[in-house]
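Student: Sequence:
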Amino acid sequence: MQNNQKSYAIEEALQKLMHYCAYRDRSQKEVETKLDEMRMIPEAKEKIIIRLMQENFLNEERFARSFVRGKFRIKKWGRIKITQELKKKEISSPIIKLGLTEIKESDYRKALYEIAEKKEAIIKESNTFKKKKKLADHLLRKGYEPSLVFDCVNEIIH
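For the sequence shown, UniProt numbering assigns the number 1 to the initial residue and increments by one for each residue that follows.
Note that these hints are calculated values from the structure, not bench results. Each hint should be verified, as a subset may be incorrect.
Said to hold, decoys possible - Below, a list of computed lysine to any residue pairs in the SDA-like style, where the Cα atoms sit at most 20 angstroms apart:
id, residue 1, residue 2
1, K88, D36
2, K131, S147
3, K34, H19
Can you make the complete structure from the sequences, with help from the hints?
Tutor: Written out as structure tokens, the structure is:
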């Protein structure tokens, strides 16, 4: 079986990964996956990851903070969904907590109410109970905490 996959020298792979990390913040898991795709041996992977960290191309806290800002500002995700996605990327709990500090409580509640009001306006349901359930389910899927969701839903739909 012939292998057509290009092999990389450590310096060449390091340059590629510096580019990859400079384009946008990456998690260590994303970098490891990329190195696996490049078929780098464990020793080379380790050397490259250490260099990327030393030269600040790879920084889990910075990654977590920018991930949180992006998912909250652009997709309006709640803390629960953001936390789940960061865990999938193997980010540690303390780093996730630091990342979540990027969300101001007032902005968080404002976003929740904006999403709720927008969704409530398009839910075609005359039964108040069913309408509340549909709205609550939508907000829970976005990753907002149940206690905040139920307060919000009860305030919006009487």
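Student: Could you run down the list of hints and mark each one as holding or not?
Tutor: How the hints compare with the structure:
no.: 1; hint: K88 / D36; in the structure: holds (18 angstroms)
no.: 2; hint: K131 / S147; in the structure: holds (18 angstroms)
no.: 3; hint: K34 / H19; in the structure: holds (12 angstroms)
Every hint from the earlier list agrees with this structure, and none is contradicted.
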